[in-house]
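Starting from the known structure of chain Z, arrange chains P and S on it as the hints suggest.
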Amino acid sequence: MTDTITAPTIEYLLLSPLLVVFGAAIVGVLVEAFAPRYLRAAFQVPLTLLSLVAAFALVIFVVVKDGVPNKAAAMGAVAADGPALFIWGTILLLAFVSVLLIGDDFVPSAVAVPGSVEEERAVSEGAAHTEVYPLVLFAVGGMLLFAASNDLLVMFVALEVMSLPLYMLCGLARRRRLLSQEAAMKYFLLGAFSSAFFLYGTALLYGYAGSIDLSKISTSLSSVGGQDSLLFIGAAVLGVGLFFKIGAVPFQMWKPDVYQGAPTPITALMASGTLVAAFGALLRVFWVALGNLEWDWSPVVWAVAILTMVVGAILAITQTDIKRMLAYSSIAHAGFILTAVVATAGAKQNSLALSGILFYLVAYGLTTVGAFGVVTMVRDPGGEAWHLSRWAGLGKRSPKLAMVLAFFLLAMAGIPLTSGFFAKYAVFSAAVSGGAVALVVVGVVASAIAAFFYVRVIVLMFFSDPAADGPSIVMPIATRGVVGFAALATVVLGVFPQPVLDLASKAAQSLFVR
Amino acid sequence: MNFASPAFWPPTTQEIVFLLLGVIAVGSAVLVVTTRQLVHAALWLVVSFGALAGGYLVLTAEFVAWVQILIYVGAIVVLLLFGIMLTRAPIGRSADLDSGNQIAALVVGVATAGVLVSVLVAGFRHAYMPLTPGAGAAKPLGSSIFRTWVLPFEALSVLLLAALIGAIVLSRTDIRGR
Amino acid sequence: MTTHYLVLSALLFAIGGVGVLVRRNAIVVFMCVELMLNACNLAFVTFARQHGNLDGQVIAFFVMIVAAAEVVVGLAIIVTIFRTRRSASVDDANLLKY
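As you go down the protein sequences, you meet chains Z, P and S in turn.
The first sequence begins at 105 in our numbering and counts up by one.
The second sequence begins at 228 in our numbering and counts up by one.
The third sequence begins at 3 in our numbering and counts up by one.
Possibly wrong hints are sitting among the right ones.
[Claimed, not checked] Some but not every residue of chain P turned toward chain S, in silico, with C-beta under 7 Å:
(1) Pro-238
(2) Ala-256
(3) Leu-258
(4) Ala-302
(5) Thr-314
(6) Gln-329
(7) Trp-376
Hints are computed from structural coordinates only; laboratory data are not their basis.
Here a beta-carbon is modelled for each residue, glycine too, at the ideal position from N, C-alpha and C.
Looking at chain Z on its own, in the form it has when it is part of the complex (with noise of 0.2 Å):
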């Protein structure tokens, strides 16, 4: 031990979008802070924008300038390779378009039905709630730190942080404020319950490999002998607390709540950029640290990806609440995604797997911005119209609209032409390739029942009369941007998917770092 501390080394371009984000996050809290209240949310708005679009240029910048790394950064801490790269892309880019809905929501206050005295009051009290956006971007940066983490303490902290704003975000709903506080009060218990987990399992880790390392604990498996159901309970107690950030089934349970009870366009940055860096690290964890253990592991993530299928797929039938049911169709989406984590056999068939999920990340996630998106656009005079039977005869009174979301839906089904199809293609074949053909006959007709309650929303809203009463649209110029943009690229990742198919391919060559 000597008296000077030696300079750790930090590789600032690899981390330079997490810099970005966490910067502008702070910068925005200075503004809360020094701002006078009229000017805060025409400071708040660029600012979240531009440093996403920033840091999305710097991904694609360190991607240029030195080819795709493959290294972990800042000692160890953070694993920069082709993977976690294009996770980061796809959660800025989700992150974007979420953002440009909430500046939507909370801002302009269109909340509220246009002319009534809410929304006068809401105009007086709207700029009052410009925190959301360093909250937002402070979320961002945990979910990229989640997804690019080497070791478990790492992914503990960016679970905090990106987990600690989302608890909160979820109690800020205007409407509804009691739903929304319950859905915050249940996430936040549940999900500290859930890192409690994660902990313990980390702990048990560190006591079988004597590291937190993920490619240590990887490299202990081989030479620690006579303590493998340590190693078991380790995993297990782990996997608890990310299967629960995923939301498969049997953890499940918070997942519709807590997306009907938040605003919307939290619920649109929970259901796309946290499962998106929640699958990077669940991932790691599995194919990284635990891959060589992969013959004790896979059945047990084929028990969860079947039921998690299943059950997301068979309760979305029951429910009449849209958030709800978007919340179990992304409860089984998770289950698809899995289908393919079980996929590992060999580097080849390792990468063909993981450029699938990939691949599933961004169409999905693409998609169910777009369908929040039009959740957000349809209101009753007390907020968004959530139950299903205000949406009958939506197709008469605004088409275009519906057309939009029953297009939305057809591309979760995975009908042909929708960037679902390929995703599920993807996945599928995946999976099918790596072995696990009970799997995808399991995940076909998971499809199958999911297709039909996607399509029960389409015949009310195209089959049925409409409501006197029924809800007004309101079509915000941002909102209408993210649909729109979502619908595109629904359709081009549907009709020409390859480059996206390329570069996730290409991202998913080297696999992750070791």
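Below, chains P and S without anything else, positioned relative to chain Z:
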């Protein structure tokens, strides 16, 4: 030195001290879970955390022990007591503190404890650690944090800022009603 | 000696888990989560001694800070919900049904 076969009897001073602390920690933890009085639960939590801090000291993790006292006993429990006060929880016995699923929860708990204890005991039956003081002092820990763990440490500062801002936002939302 | 510590940690984790499942008051549920985090910390510090490296102690330190942040957020949420509902019971919060 030979750590391979420590004699279990007679117990060393460290073992006796630790056993006492362990009994206190588990006993007060059970009381946290069973007591009928909210404030008592918080106070038993102090006892449990304090006993654990003693355990860390026996393990020669001095820095962690003092941080445990400062943060857990000094900050977290005080915050929890504030929370109890702000939610006007009844001082004294309250009947409806438990939900109905005690039996199921007990079964789950006993099963968890059984699995974990058997796994840990099986894995480390013959393990013995040399307890030499000094390794857990602030200096080696500090240089480790600011070198190997510098990125999570910075992320931690971001986390604290986010929590701070969020708490302010949440507590301010209700002002408009007044 | 190591086993004593690990058994204590496992017991505390299980007790905390039972508490989360049994208790109805959100603040007490949260106390039980803190017990579980403490159990993790004890395991980390013990393993740090066992493996003769400092990582476990560093992690325990990190976990404490994270727990402090969690408490801040959790209490903010609980106090907010109490202001609108006048109750901090987990079971009363059941507008959200399956």
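Hint-by-hint comparison with the structure:
no.	hint	verdict
1	Pro-238	violated (9 Å)
2	Ala-256	holds (5 Å)
3	Leu-258	violated (10 Å)
4	Ala-302	holds (6 Å)
5	Thr-314	holds (4 Å)
6	Gln-329	holds (5 Å)
7	Trp-376	holds (6 Å)
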